[in-house]
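From first to last, the protein sequence lines stand for chains Y and P. If you use my numbering, the first sequence corresponds to residues 1 to 284, in order. If you use my numbering, the second sequence corresponds to residues 285 to 1093, in order.
Read the hints as simulated data drawn from the structure, not as lab findings. Even glycine gets a Cβ: it sits at the ideal position worked out from N, Cα and C.
Label-pair distances were calculated between CB atoms; the ranges are:
hint : chain 1 : residue 1 : chain 2 : residue 2 : range
1    : P       : 804       : Y       : 255       : 54 to 62 Å
2    : Y       : 45        : P       : 446       : 41 to 49 Å
3    : Y       : 141       : P       : 316       : 46 to 54 Å
4    : Y       : 255       : P       : 460       : 38 to 46 Å
5    : Y       : 255       : P       : 836       : 51 to 59 Å
6    : Y       : 283       : P       : 423       : 55 to 63 Å
7    : P       : 436       : Y       : 255       : 29 to 37 Å
8    : P       : 369       : Y       : 156       : 42 to 50 Å
So these bits of chain Y aren't anywhere near chain P, every CB distance computed over 12 Å:
hint : residue
9    : 95
10   : 96
11   : 162
12   : 177
13   : 209
14   : 282
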Amino acid sequence: MIPAAFEYYRPKDMAGVLSILEEQGDDARVMAGGHSLIPMMKLRMADVPHLIDLQDVEGMSGIDLGAETIRIGAMVTQHDIIEHEPLASVAPILREAALQIADPQVRYMGTVGGNVANGDPGNDMPGLMQCLDAAFTVVGPDGQRDIPARNFYEAAYMTAREDEEVLTTVTIPMPIGGYAYEKQKRKIGDYATAAAAVQIVNDGGTCASASIAMTNLSDTPIYSEAAGAALVGTSVDDAAMSAAVAAMLGDIDPTEDNRGPIAFKKHVAGVILRRAIERAWSRA
Amino acid sequence: MKDEVTSRDDRIANLKGMGCSRKRVEDARFTQGKGNYVDDIKLDGMIFGDFVRSPYAHARIKSIDTAAALEVPGVLAVLTAKDLEPLGLHWMPTLAGDKQMVLADGKVLFQGQEVAFVVAEDRFAAADGIEAVEVEYEELEVLVDPFKSMESDVVLREDTVDEAGKLVDGAHGPRKHHNHIFTWEAGDKDPTFEVIEAAEVVAEETMYYHRTHPCPLETCGCVALMDKVNGKLTLWGTFQAPHAIRTVVSLISGIEEHNIRVISPDIGGGFGNKVGAYPGYVCSVVASIVTGKPVKWIEDRMDNLMTTAFARDYWMKGRISATKDGKITGLHCHVTADHGGFDACADPTKFPAGFMNICTGSYDIPTAFLEVNGVYTNKAPGGVSYRCSFRVTEAVYFIERMIEVLAIELHMDAAELRRINFIKKEQFPYTAALGWEYDSGDYHTAWDKALKTVDYDALRAEQAQRVEDFKAGKTRSLMGIGLSFFTEIVGAGPVKNCDILGLGMFDSCEIRIHPTGSAIARLGTISQGQGHATTFAQILASEIGLPADSITIEEGDTDTAPYGLGTYGSRSTPVAGAATAMAGRKIRAKAQMIAAYLLEVHDDDVEFDVDRFVVKGVPERFKTMKEIAFAAYNQAIPGIEPGLEAVSYYDPPNMTYPFGAYVCVMDIDVDTGVPDIRRFYALDDCGTRINPMVIEGQIHGGLTEALAVALGQEIAYDDMGNVQTGTLMDFFLPTAWEVPNYETDYTVTPSPHHPIGAKGVGESPHVGGVPCFSNAVQDAFRAFGLRHTNMPHDHWRIWKTANELGLHG
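Okay, chain P solo, but in the shape it has when bound (with noise of 0.2 Å):
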């Protein structure tokens, strides 16, 4: 054999697998505008369709004229709610049990509502369209704060209210009110309520998670085609689930499954926006079967920020106990969660409020309670997780705020503080007070690291140092350092207690090998960014001795791809992670027998060696994978079916909890509210690291969002619920030149139960740096007795703490 005077390591190398930092494969197409996203289909016939949106936050609907609309050259026909009602489609279910108008029945909830859906020949002609349907509205009382809302006579949804005046269950549970969506809890009430009430010393805060958006680069949309002739509905659009958004269009619509393919294209970025399903995918497929032509629907930047699902807008009250020496003995959690006009949260069915009882974070503390409290108010729906599993950025921020709190408390640092609560690495698996088995870890290497690597007790002395010249009038600036250790739970998840819709959220990989000993891998994720098609190569590289090169990975086709759940929760790498090595396997079992057959010895005489099988012991005797590959399509082998393909559909056994510790140092000029990060530390455990070139790309985007998150990204609501920030003049979103440099670092503690023990990442650094960024900020006023401010800290609001505590003289 020719390859034999390989080395063992160029043949690791040659196969570019786990561990390589392997060039994107699909940055040849992104980086010369080759890229396939839904508005690249162009489609022969095709027409658009927009919407009429509600200037209004709350308001009835008196009429709505589309005469002078359908006049207008171009324009084909106008859809309301009355045209969508005889097929039930005025209304579509949502992810959270609840239900959201399509178009709007009788009145509008939210700014931006969807009120009317103008098809016209070009989008030009649609938005002419648009300006020329005429709705009389009756203005309602405006509810935008969910406390207000859960005391207001106003009822903002009539379905909570039955004909007798009785509030009607919604689909979590009893209402309290007719503006009440649902109570979730978790832990044990009365017992930590006696702990909290008997400690030595007891913290209290209340926090606002505020309102923000995704904001993916790419907006939403859709081209829909019914094709009249053989009845089948192809639908391509940006969706981070399309095997899920599948079998959503056919229970609504009554087509059956197998006539609806859904195509997920090129995904400029998801974060969660495109988790769930919008009225713009259900009136274009309504429009193309009214039509018969392909039908596209584009959402514009204003379109997307105000309407598609928001992130966060949770009010967090907490206490936490402990002894005086530090040891944390009870947390209690209490949220109030704004859900808008609609619940259009993006979690697992049995969790209506994500996984926010992760908030015990990364401390072993032994008795804790949430309760979470989810309002509609006249705001977008939505709730999706934004960079996060779900709701687990507010949690992490809640305990990593909380903890800081309990520090200043105790008149201690906030570092040590961590230090003394951490699980312990003999510790896990732990099973936490809220409910959740965390597989692995260890916090305390971690994060002696990370200090280590900042030299942080240089930092406390250079701080303490500024304090004394900003006391003595010597210079205008502060320092802060943010810390923050978060443990993330992702990879959902287990069948047996996590669903979406009733679907069980494992997910999939079908592989295929061809006779020339190359192959392609089809799962039922998503990229939108990500980098599937290099990574999951890689995985397989690893399983089955092919070169990563030599692997196609495809996904986003429900016709070709096996069922999956989609990509959102950082559940990728843990779950089709986890099937596409589990797949890899059943490949590689395979080529064993064969590889056997044709070395003509016992299966179990054969072993596995990077890229061949081997004869034990005779190291000179074996079968490539590629020989392998071939033999499969043309021997006869007795006992062995011909051809060499697998599929595997992975449930997993729990979620998986990246962790990470992180420090930020920031420079605050206290008379202007200026930050200047001056420093970021970043160091992650994903467990086992598949790609690290990768997985630092992942990080610096996840951190420059948390960036963003913290320091001002926000939507704001004025008191008539009117978007505040609809256009990125105002919605902050960081370029590079608002980014510092970013160091990262890891440590690798690898999953027990993961076939590889990878755990995830995409989301881990935007879950760690929000309350890193925001502690860094409020560390900066700590000697000056701050306690906690909300975020977003912009300019402003940074200058009104500054005031607020007497500093501008």
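Next up, chain Y with everything else stripped away, as it sits in the complex (with noise of 0.2 Å):
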């Protein structure tokens, strides 16, 4: 368990980050909490002969809270979520989703921007942005675009974010409605067997707009539009919640792991969508 050697950088702007990046190529990756990246390393199952640690370029580790949208730095830890009460009013699922990552020492390191940019299908922040409808801001030699997170994941470990890019910042539109992210795992520090993040909006007893997203249920997150559609114009009832889960169910392709086979995934997605979406209609 102890990484090859390799070089160390702390810049202290984004210009110097772009600037090595632009110098090693692939042989460069970027580190924000390191709680992913550096096992990979101690497992030599990632050769990164140059590591730019970020937790001295400044600027991204803010949270603000405009008119419309939230933007969360890349350098927001997990516990910066949780602790965050303004966040925490306006966009609640953050800090329910967060509390269900890892346990606190890990909170303490591990960043959002990490969590979405490694494209491990285990973490819990990708499908959380992409039930949210979040974009991705990367910058790069060619300067900086926006990238959703529902078109950013395209295989295990494998985005649209080029080896020369740095994720900088997510931005969410302002949430409304109900909410609610139920995860299922084996114990504290796991990643889902399977997990749900669910936001719907409640008009006068119908379900004017839903988003779904699973985790840890495919190579990507799964965002299913389906079984949103499923729910709007209903009034969640029993038969609308069946619908969305097989809508659910067509869009997710679990594999079988320590956590158990595809039967027992599927089925417990399907439990853990209806829990997620009692919850959220609940609170809509």
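Hints given; two lone chains; assemble the complex.
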């Protein structure tokens, strides 16, 4: 559990980061909290001859609440999310999800940016950000661009971010309605057996909009547009929830691992989604 | 005398002796990060060793090329079996009478097996060196199933067949097959079979007690230093039995025992994992001899989980017979034991399946028969007793499941079935059908107290209502009531039948009283977190009348401590604790003579009273132990040598038999398979209680490890022998979050043969806890027709049980 030798960089600004990335190409990786990358390096599954630590780069640790959007810097930790009262009051699903990530020690270091950028299907924030229709801002040698979370994930550890780009900001449209992040895991610190993020709007007893995303049930997070659509226009009764679950099951593609076989995961995904919808609807 | 005004109760309290919840003296350093573990040892010029390990479970080694590794900056040497062979150290003896490769000798038998030892200036260079060693493997057919192994033409161990193709006898008798290690039997086969076949009711069940791992927080490691000037080898390491390690090192290295000093520093948990000898120890010693430098080897977590001693892996087939009224008449247990590539079980020599023959449990079963077959497979070696006496966890799980299955067969309440079959108080000492003599017990009292405390009848009524509600669609949650009543067999053991590598399993204590009335006591055991420095001082305080706070307890340095067999199998209190009391009594006997001299009366005219000797009938005439200690060093007493020291080697006349009654109440989410432990009640009877707080801590820890094993902790392999659970992501180690509140309770039934009546407690909660948690899961589904399902009861397996019973619609 000792990584191969690597060069360590700690630039003060993004220009410094980008110049190292440009110089070293594929041999360089940026690191935020390090809780995904460092274990991979220690297992020698990730070969990173040049490691760029982002923690001294200014301007990436803010949480800004605007009238219509929330901007979260990539270096904001899960702990920061949990502690930020104004954020919790406008987007409580973020705190509810963050509290289900790992354990307090990991949450002190683990960042939102690292969680969404790494592309690990086990991470909770990617699905959550798809549910919230967030956009990820990346900067690179050609300037910056925004990539919708729903278009960001291509396969496990494969994302729309280019190697020479750095994810700097997550921008979330101000969420409305009821919410729930429901996660089944084997123990504290574990990735989800199945997790569901639901944001839902109740307009006089009828569902006006619903957004649903699932975690760790495919090689990417799964935004299930069909599952949300199955709820819109209904009173979110049993039949509607069954339709949403059926639609979601059509979108996920779980694999067998130590958490269990595929049939179990699909069943639990359905149970978890139904509970998430019920809880979100009760808050809507 | 100034302290005359002090009341007797105050004097007793001042000693902090037996029965007092004295705070642990170790915790000051542990809670401040000031412990001294093996990886804290740093010596001038120290270098590091680490292993190239096999990625394959079964393969022939065609070549090992170390040239590139030797080019890596900082790499000093790479050892392979070829380097060890001239020293006769490429194989080493195991505690089970088998032998084990130190470094792969032509082939590998399990994933992670040690292939080469890279020695480097630091651990980073060693890691780079490991990457650069080129090993060419030829993969061989992998056997991970012991039943298939026993039928396979594939010969795992070439030393099991001679040149003529005949099977070579194993350490415990003839082999049935080239992959068979031993067969061990206890009890009477034919009479048992006759009873079972003629019985009114017979319940049969097959259960797999899965492979798991003790997973101590601190992994295994050592530092070896061969001083070429004085010829002395010093070996620091994570040893649960430092004296036995010294003897083993001497036997295999040829270094005389007086030239070997083994030191166990602070140890961060053992649970059986640190009893045996590992290739890392041998390679570190050799590397130090070769380089003349201190060599450190420390496992990482994956090394520890994948290669050091596992636990359990028993396939148990049982038959239990009874009358229609539920009186048990016979028990048959047949075990297929998966030992992996080498038989490295840590059991007393005459017990290759440990004390599995305690499997008649707490019940008066007139006839029984046990057969255990050990088998080689392509898995890591081990088979240690994870927080239990030798294979007692397997035995208790077996009988406590068989009782539940029999209760189902009889349509009877499982608590009542236990009650009518318990060995009765007046039957002790009780000789069980499989040979053990239980020293003492009062099972009915403990059981009744447990059931009354949890209001068992109300729980059953609630459970019945829950089943009704479930069937009516009002709930998706089921309720399980887990019961277990266990009898442990600990304190190995009497030298007449217990030895390891020929070393009798006595233990020892040596006491020196200092002139000013404080003391040091050294023992042959070694704490790994049990709190010996606290509790052994309490035994002594009560025995010799000096405050526990004035007594230092020291263990683990073979140059200073008396010889002993170490700490495992809950043996420290039953054996070394007895030695401590007996040595204390020798001190007291001499103190009595000194007191009588000082008080100018006959020896028989003084008597011991808490912290002093008093002239009989004249309480104002006394000498405190403190005064006596000083006198021992400053007075010329006719006929008495100066000084006040004693040593005792204690050979226990029998094992001790702690017992307990546990109840677990669990709610199970049928749709997700998630269990929620609502209540856990643990009544333990460990005989005389030395420190109630330490006992409670031991029980919490043992129950937590029981929860782990029952609900998810396993070493799983795929068909190719790849370890599936090699990290703490997949190997379940519960945190405070997963652990319920434990209610502890007790009865006290002293051991009649132990000097202070103590029986040992560290492992009881694990032994009793595993079947209790498992029974709770299984009981939840009893109303729907479940007889038995195997552990670990993780979410998906619980879900699978519900699914197979048709509970998902």
